[in-house]
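The task is simple: from the sequences and hints, build the whole structure.
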Amino acid sequence: MKRLLIAAILLLPWFAQAQWTSINPGAGGQVQDVVADPNINERLILASDMEGIYESLNNGESWKPKGELHQNRVYAVAIPKQSGNQKMYVGTLFGLEVSNDSGNTFTLIDATKKKSIGAIAIHPTNKNIVLAAVGWKDDYDDAGGGNRFYSLFGMSKGGKVTVFKSTDGGVNWTEKTTANTYGDRNVFAIKFNPKNGSEAFLASDAGIFRSTNTGDSWSRLSAPNGTNGRAKGVDISPDGKVVYAVYLTDAAVNNGRDQGEDLEAAVFASRISSINWKNVTGSLPNYSFWQPEVDPFSTGHVHKVIVSMDQERKGLYQATVTWNDTYSSATPASTNWAQIWTENDVVDGWDVGKPNARFAHYTPKGNGWARAIWTTQNQTIYRGDLNGSSYNWHNRYSYTTNQFFADYWGIPVATYGTRGTESTYTWDIDAHANYVIQGMGDNGPVESWDGGETWSNVWMRQNGFLSDVQAVEIADAWGKKVVIAQMAAGFGGHAGTGNLYVKHLDNYSPNDEWEFYAGGSEYRGGLPNGLISDIAESPAAPGTIFVFSRGNGLYMQDFGWAYNDKHLLGDQPWFSKISNGIADQISSVKKIAPHPTNPNIVYVSSVSGSTGVFKGVNNGGNWTWSKIYNGGGWDAEVYAWDNAGQTVLFYSGKSYEDGDGENFVGAISLDEGNTWKTVLKSHNTRAVVSHSWYNKVTSGPNAYGFKFQNKGGLVGYDNKVIMAHYDHTLQKTYAVLEGTISGSNTSNASVSWSDITGNLPFGGLTTARVVANGNDKYLYVSTAGAGAWRKTLGGSSVVTPSSVSIGNCPAGDLTVGDTASLSASVQPANATNKAVSWSSSNSNVATVSSSGAVSAVAAGSATITVTTQSGNKTDTCGITVVAPPASGAASITVRARMALGSSDSLQLRVDNQVVHTWTISGSSYANYTTSKVLNGNVKLYFPDNGTDMEIDYLKVNDTTYQAEAQAINTSAWMNGSCGGGGYTSIMHCPGHIDFGTINAGSNPGNVSVTGVQINNCNNPSISVGGSVDLNETVSPTNATNKTVSWSSANTGVATVNSSGVVSGQSAGNATITVTSQDGGFTASCSVAVTNNQPPQTGYRYLMLYGYGTVLNDTTIQQIHWMVNGYSYPDPKLTWNTKSQVTSSTNGTNDYAAYDVTNVGWVIGRNFPAWIKIDLGAGNEIAPDAIMIKPNADDRGFSSFEAFGSNDNSNWTSLHSRSGLTSADYSGLTTFEFSN
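Using mature numbering (1 follows the signal peptide of the UniProt record, and there is no 0), the letters of the sequence shown correspond one by one to residues -18 to -1, 1 to 1217.
There are no misleading hints in this set.
As a list, the in silico BS3-like pairs of lysine-lysine whose alpha-carbon atoms are at most 27 angstroms apart: (1) K139 x K689; (2) K759 x K702; (3) K96 x K678; (4) K462 x K759; (5) K759 x K463; (6) K347 x K109; (7) K702 x K609.
For the record, the hints were derived by calculation from the structure and aren't laboratory data.
As structure tokens, then:
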């Protein structure tokens, strides 16, 4: 080939770039942690596995990306508890990063470069002392190429346990290590003793270590008996007396698994004064617990402790550990565990499933934080608000418009959109009209029916967990659009089978259904069972589909969609292999690029086997192949499109012709691939844009060689081409570039590049598509860890909102019964879609209508959020609701502001006694209210010095007292240095405004009790040794005598103390009664006390779902639901009782699967298939196994799932199997639910 020329580079200004819109369901991938800022109420930092960190300033109502790290895989975040603090420490896979401006910018610490930091601790009193330990949490996963994540930057798993220490607030660091080396040095947690800052503990795979000199040296503690010495977490009680730890047990050694998998663990505690581990696991089940944490609100010798779960979806557990008050005993007096978040499916959010509390943290103590727990459902975010002795859980990663609902086992589950976080690894994306589909690596086909605003993945969860979707395509068929998707079981990109599914877009709603189309274990349609790496429709011949089956070759749907009856009948293949000759050397392709105008030409980018760009030409049904470009790289792509009658070919990948080392080049061909010209190399990209982080990571000690590669995302349209440069190991985007092509042939072609990264925080693109909608064009992209994004392209008329702001937010409190009308201003003024939705964080306090009308319901606080329908922009308004004035009290309002915009206190005094204190803040006037009886000399008293407070007026009921009309006294406190008294409304020294004698309101006298109720009586059930706090409410709220007494009708079963806390003594039921002293009013509550063993649930309705056959057409001759070896239904069904069975196939003899014959349930290949039996009321069972007999071993289910229900509507999954073959069947085969 000819010597290639480099195109000229043109840098366009940033303001010329169109902005990106996140079209994500929220969270996703792996949420590493959520850390509450101990200094700022409602400020949270979320640690991501791919995108760095996010910040929320409103307690999780909304999130936004924060700062820019040098590597984006975050393991630890720590914020010093210190007034005025702006420090933040972040541990990543690449090292420790320090921010001095609250996370806006970060400095990478050279000493830690290329060392993964998994735990950080800050000294309890000297905030300049910080410890950061080498670790990687549970990241033992394969990161590609046989590498574990911790080894990506050359770090070893084994070695000395390593801690970095700073004594100057993170400026300088020294390395501290253990004396010995260990096979695994991963540190999971490091904690200072809150009462003794010289003492610290760390938990590592090598055990628990202790330091008595603020981390300068470390000694290993002896492990408890019955453990293997590998620790998975540590924490210390607030009083500094007790250390809690999690160790792996001996059972974990025997199963031979690696750290990070489902390993059995136990919880231990010891007095710090004399380490002697005591097992406090108690009633906890054998799950893979880790990371214990002690509630900072724990007082004295009673500690609340939660333990997170590594991997397992089993909810969240909390213990109450009680020691004797002097800690004289080495063993706690009692340990009571309770499940505070159940393992039932969570349907509040797009990621429906059982909660995996991979981390769990209590909120800090102080600075206004409400008591709560932040945790996860693995790839989601939830907050549990303390309510008595239980927690109310709230989704804090996604929101719903309640416009679309998808069916989940009979439950309508709404679609959800992001609150600001991105999403997970997405292989592919496509869109048409209001329908958008993402092919995700762990969540299957994730679908939107409102243009990408909200999403659902529930289809995957009830259809065999086909969770890996690596290729999607929206194509033409039968006069309408159809969606084609590769679907396979497997997580993290480890799928290996090829199943092609289709969906007809008849309704563009969740009512459209998926059906199995081709491939799979039976090679349906002539398509092999290899993973389908790409799907493409010919733009020159709509309905002609190309698919590449990994390891098998390129296939084409040769008869087109007009022959769709063949796939319905299943009687002959409709795919044929078209790769041959030199193309048979291709093992896998990243991208299929059909010719834009010639249906007989197709291009592919081969990434395995013989790599490069190949061209296939169809000559009368005979395909011939040639290699037209010599390149490589696992994510190399080729794209073909038409530009005003000229075919443009573009290649992104390694070049073995005019290369740039390991970096990806961009090469163009304007003559069908006969000649190529390189138009982009790494130095060209660096000429377009520069980054300070790039200079840091690629220079100095432990320099890293940045790879200018990508994960895909090549696309072209008109005279434009889009290509990214991204390093997947560093998880950093250098630039997403748009090139403008000029020239009439390859030799004179040139491309001018501009940076269009803009506000896209993560540019690891995997797929890019240009989608037309009327006269507008949109660029849709999927990413390798941040979900999907969209931007309008040049010439589009759609203008996406850039912001929204709330108007008329009340400056003062609302009283119960009040209303307020909020407004929303969407910017820019020419935004195409200005529709917004309103929501309240606490509708029990304040509700908000669709038009922004707020109604005050009860005393408390709520945050009102407005969200734009397009762009998901948000703003918030804080609402405080106060109770109506007590009978006889006067309504009091003071209008005030801080002239310099700070905050300070203002006291209301009557006869020099303080009766109320307000906090005045902000430079704008606001109303501050209260209700009091005034009967004497009234003063507004300003006790502090140095801040200018300005008072407008004091209003008592309907009488207004202007401040400037009253005398101000300041000299008495400052000896004249602030000036004497005078007539001004501004107080800038300690002083008061004297309003003289005011008489308003009167004491209502004695207010009688009218009733009493128990607050937490909602069928409470506790175990023996457990407790529940019932507590009471006495009416009216201003009753004079609210004293009550509590009693139990059966103290042998349950006792109750004077505060209404019930304690379980033995199994049974007890009636708890509260009685008011005034009037003798009573209320009762029945409390059930159970033994620690959970009850077995029996089911009236049982359902078996089959998802596929192991080979041939299926008939199930016998089904037996088993309980302790006994078979049900008993007696077997007859013709007269066949109505007890319904099925998906509705055949005449389906019921015969439950009779004594071998006729059975005829399924054929109509999957998924289900059969349901009604055992009848009073015949409920809890099956522990199922026996299935197919009519031949090669006709059994390849995967199935068993369900139980008591209402024929809400179903519980009892057991599932997948990956079955004929070898797993032997006639009547038993499948134990315990396996």
